[in-house]
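Participant: Listed here are the chains, written in short residue letters.
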Amino acid sequence: MTEVSLPLFLVFAAVGVFGAVMMVTRTQPVHSALYLVLTLFSVAAIYVLLHAEFLAVVQILVYAGGIMVLFLFVIFLVRPPVPGEARWHGGRHVLLSAGLAVILACALGWHFLESAPAAAGNPSALLEGGNMEQVSMTLFRYYILPFETVSILLLVSMIGAIALARKGEGV
Amino acid sequence: MLDLIWLIPLIPLTGVLINGFFGRRMPLKTVGVIACATVLIAFLLSVGAVVQLAGSEPNPDGLRIHELSLGDWMPLDAVSVPWEFSLDPLGSVLLLVVTGVGFLIHVYSIGYMAHEKDYARFFTYLNLFMGMMLTLVLAGNMMVMFVGWEGVGLCSYLLIGFYYDKPFDLRTGLTCADAGRKAFITNRIGDFAFLIGVLYLAINFGTLTFSEISERVAHAGPGAHGLLVGVGILLFLGACGKSAQIPLYVWLPDAMAGPTPVSALIHAATMVTAGVYMVARMSALYAQAPEAMAVIAAVGALTAIFAAIMGTAATDIKKVLAYSTVSQLGYMFAACGVGAYVAGIFHLMTHAFFKALLFLGAGSVIHGMNGEQDIRKMGGLKKKMPRTYWTFLVATLAIAGIPGLAGFFSKDEILWGAWSSGNKIVWLTLAAAAGVTAFYMFRLVYLTFWGTFRGGDEAESKVHESNSLMTVPLMVLAVLAAVGGWIGIPKLLTFGKDINLFHHWLAPAISLPHGDGHGVEASHSAGLEFGLMAVAVGIAVFGILLALHVYKSSTLPQKIADTLGPVYKLVRNLFWVDELYKFAILKPFYAACRGFRWVDIHVVDGLVNGTRNATLGLSYISNLHDRIVVDGLVNLTGWVTTWLHRMLSRVQTGMIQTYLSVMLLGVFILIAYYTLAG
Amino acid sequence: MNPFGDQLLNVITFVPLAGALVLLLLPKEKNELVARLATVFAGLGVLVSLPLWFAWQSAPTDGHGFRFVFESNWIPSIGAKYIVGVDGISMLLVLLTTIMGLIAILSSWTAIQTRVKGFYVFMLILQTGMIGVFVSLDMFLFYIFWEVMLVPMYFIIGIWGGKRKLYAAIKFFLYTLFGSVLMLLGIIALYFYHEKVTGMFTFDIRYLQAMGAWSGWFDLQCWIWLAFFLGFAIKVPMFPFHTWLPDAHVEAPTAGSVILAAVLLKMGTYGFVRFSLPMMPEATKHYLPYALTLCVIGIIYGAMVAMVQKDWKKLVAYSSVSHLGFCMIGIFALTADGITGGVLQMLNHGLATGALFLIVGLVYERRHTREISEYGGLWKVMPVFAVLFMIMMLSSIGMPGIPGNGFIGEFTILMGVFALPQKFWAVLAATGIVLGAAYMLWLYQRTMFGELSNEKNKNLKDLNFREIATLVPLVILSFWIGLYPKPFFNILAEPVNKLVAQVEQTWQYPDKVGKLAGDDVLVRLDELEEAMPEEGNEVH
Amino acid sequence: MLTPTHVMIFSLVLFGVGVFGVLTRRNIIIVLMSLELILNAANLNFVAFSWAHPSIHGQVFALFVICVAAGEVAVGLAILITLFRNRNSVNIDEFHLMKG
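Residue numbers (my numbering), protein chains in the order written: chain A, 1 to 171; chain B, 1 to 678; chain C, 1 to 540; chain D, 1 to 100.
Each hint can be trusted.
PhoX-like cross-link-like pairs, simulated, lysine-lysine; straight-line CA separation at most 20 Å:
#1 B:Lys117 - C:Lys380
#2 B:Lys552 - B:Lys382
#3 B:Lys383 - B:Lys462
#4 B:Lys117 - C:Lys458
#5 B:Lys582 - B:Lys569
#6 C:Lys310 - C:Lys456
#7 C:Lys117 - C:Lys28
#8 C:Lys310 - C:Lys163
#9 C:Lys310 - B:Lys587
#10 B:Lys166 - C:Lys458
#11 B:Lys383 - B:Lys552
#12 B:Lys166 - C:Lys380
These aren't lab readings, by the way, just hints derived from the structure by calculation. Remember, it's a predicted structure, so these values are computed and weren't measured experimentally.
Isolated chain A, as found in the complex (with noise of 0.2 Å):
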């Protein structure tokens, strides 16, 4: 599997990079949201080759199903973009902002990537049992304090987007 991977991961990376550059720079929002899903589920195929099914599945049910339709009413509910309006701030900012993006993204690589790991280790430790049953192992033994804090963060967020997004007084 690990031969087969490598080109298969190369054309998912091309795939999402390719995505994610579209995203950023569309102007209407709607075709930056489609450009987003496909990135995300290039991301999903990624995280199955490197066997995180589990992982993946979630990332396309939460993230492309609902993280991303969250987004696409949202679109809906606000004025679109009137055309020709800008789309950026200023050129001179677009500059420095890329130029910031790259070296940042340069120094992190420069940092990490001298100590990544060389290869992958045996990965039949993820699959034992099945990758669900491990994470949900691992969660519920270990994590199960974050676990019940997320899901009050969760709570806490949605009802504050709903006392938020309320019509009326008080907001």
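Dock chains B, C and D against chain A, hints included.
Facilitator: Relative to the frame of chain A, chains B, C and D by itself:
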């Protein structure tokens, strides 16, 4: 009845309570009767107790003594002091004298004070005095005695200052209240020494009971000799205060500011003799301390002559008698000092009779003269006040030492005691004092009763004899002054028969120095004794004749005074002793007091206030510092911040993405740093 | 006999406080009611304190000589407990406090006309503070009461005082506060040293008194002793720390002066008896000559300054300095007689000087001046007053028998001081007796004797029933102590003998102390263990 | 052969693009989407290391990140709607109340 002796002081004290609480609302007569009755009861009780004592079995030492303890008073660690009373022959003499003479004077006072507004107050004080004096006499230990000792001092203070709103001595500007205070303070000085002596006794012998002190002192051993001499002198200093001896006699002449019965009772017959009584009580101690006895003899003799001389120049009838009292007290002390205690106490008794009589007689004169006390304005009162005159004359003869009268026996016994103890100088001094005494007493009699009246016609017409409430006590006392001496008649005059009751009664209560054969008993030769007696009488008669000669002429006294010049002036001004005390002690003392007050305000408190001011000053400086330096720094910080704010607020574009850029730049720098640092 | 059981001392201490709370509820304008109710509460305070006297013999002791002990946890984290209890010394002082408190309040009915409610509330709080000081067996509690007492007194002087009341009040407050802060330092030092040696954090006086038996902390002891000394000497007050006293007395209202003289000054002497002597005997002996010197100076100096005062109250105030010097010299004699006499004299001074301040207050109320020269010849118009004044003056100058209480105290003290090898201390102290008579009689003469020359004095009213009732109890008590002091001696014998034993524990080893100084560890462990009570008081 | 380095490089690129988008776009919706991109980059790293070590913990962390991202988006979008209702605009440079 002996077990009831504690009641004797208490009975007059009930009189104090009754008259003190209700006296102002009761009729005058009732007040007087209550006061006299309490004293009379005390007197009867005393007689009963003494009779019973006389009939009791003597202890192995031959002493009849009855001791009684009413329980603890001050149970101290060093010494336990109970409420103790005791009666022995020595005390019994005083007891009878005090209650007897006291009763007579109380009766006299009813008449004398009849016109006074503060009648009840007077009798309250007088009864209080009786209670305290009897406590003193009957005390079984030094502290109970001290209660009486101080108590009589207090009564003396109150009674001297009885006319508290009146001036007394115009020459010195003293008021009656001043005189009382002077008496009290002078006494206190003596008491101070007395108390120190008591402390020494208590610490070293562990008891203050008289009988135990006598016993323990006798076995104290030679190591305690110095201590005993010291204690003896300290106690004697206390006696000096109470009994007006040099150097503390100055209060007694001024004590005449009190009503005359008070002078008779307190300042002649009873209280002032307390010092003598105390010394006799402590005879066991003095027996171990001959040096202290020598001091007593010397001081007594000196006081006797010194006071007698001052008496010759006094013009106030009571002051003459006061100096006479001081002088006679000197006699008694001299007697004690030479070991003739019995003679001393004997003289104490006879002196109580004739001196009380003299004072009461003087009071009668003053009463008859409507308050006049200056003998230069009297004269010829013989006819106007016959009863007063005759009784007064008896007393005068008695004090002068005319044979057959009370004073003769006691005085002679003292002189013989002084001679036979080997103290010839003491004898000489006392004999000379006897002559001077005779002189000033007859001077007094002459100026008062003989010759012609010098106070003007108007005053003369008002002179009157006193009523019988006053004259009857005079007569009773006159009888006592005349025949009271016969109970102490010396062997010499009874053809060898020893019927000296007084001596037999008292001697066991007295301890004399060991191996000292020169007590009054030891007579070397009857001839010598008789000769000395004759010399003394001769001196007295010479004094009398001199006085009669001098004061018969109206010009001679002045001539003598002029001749003597400065000497007369010295005597007239009482040797300037009061002035000496004033300038040598009182003035510096008050100056020191004022100095201390200045120190207190300016130095001690000044330091405190200085601290306050220093603190305030520091606070001011600190305030300045606050405003300039601290506040300045704060403001500087403010300015810097404002400036920085102006600079930095430009960075705040409000654009989230700008902030984000900067943040990411920071992240980049951090990463770069960690990467480079390794 | 004792209806309150082991709560007795709590009841005694807090009845006045309860009274203060009740008074607070009353409407402001009902002055008469307030005064009467305050008197009732003060009277109640006296009543509840009587079992102390009558149940004394039957009450069990706690093994340290304290009776009626009540103990309860309070601040366990620092080892402070709520412990109250009395021995003979403090019992007498508590009784003195309740009685004088009642009399002071009774004397204020007409004297206080402004802010009446506040006055009585402060008086009652003060009462609680004073009793608390005497009954505390925990130094922390003691210190709290000590400071509590300061505040109402400050207000009593500062609000109801005379012309210079603010100056006097602030001086009083700062001066005594200065002393008590030093004392606090001393307390803390004792507390930590005790912990260092025994490992036990405690403020319990009974435990801390065991420190007196330790050796090897001489240097520290000296420092702590000095701190305590300043605190107490200011309170007493001893020369040269006395100058707050005349000002405070002169400016304070009558009741304030009475309480100040009768009770507050006893705090200092009590402090010496309770703390300095038993806890730091070696230091006490080390500083003895200096302390005795100050006492003697105080006696003579106070009397001499009193001699030339023109202000009636100031004269009495300086006489206090002199008398307290007497108390202190007795205590510092370190003999049984000296200490007994010192404590007795504390009572006597409370009675006599308290009465003298009442007496000044009575004429001040009538004439509104304290200048002695304004008076004279008062006997003519106020004979009852004059007689009562005379009796209390005689008490003050130590007249034996009439009423005699002052004499009992002075003689006992002199006897105790005389047991010292150096006799001159007693001789010097005894001069106070002469000087005392001098200034007191001079005062009496100037006010009571002489002609009634001042027109304003001619119509003065003699005392009414209430005023007599304030003075008569003092007269009776004075006579009692003067003529039959045995019960007092009996009560004092036990605590005084214990105290003398505590002081003498290390008396024999003065040079050993020198050698061991600086050695911090416990030296005489065996003795220490004996001295410690059974139950530990460990801090958890 | 697929190595973690490859995945990391990919995630770096996604990260860089995301950062660029966050910093430059005016439309808040797109800024939020870019944020999601950054989060995905992070998740990729988690998963990559989980795969490389191997350890399941990395995947669990990624899961948490997704949850947080969901919450963040919900709140972020709610805020956005409120802003839009008040200002009738979703352009980020119109909201500069924090300008100093």
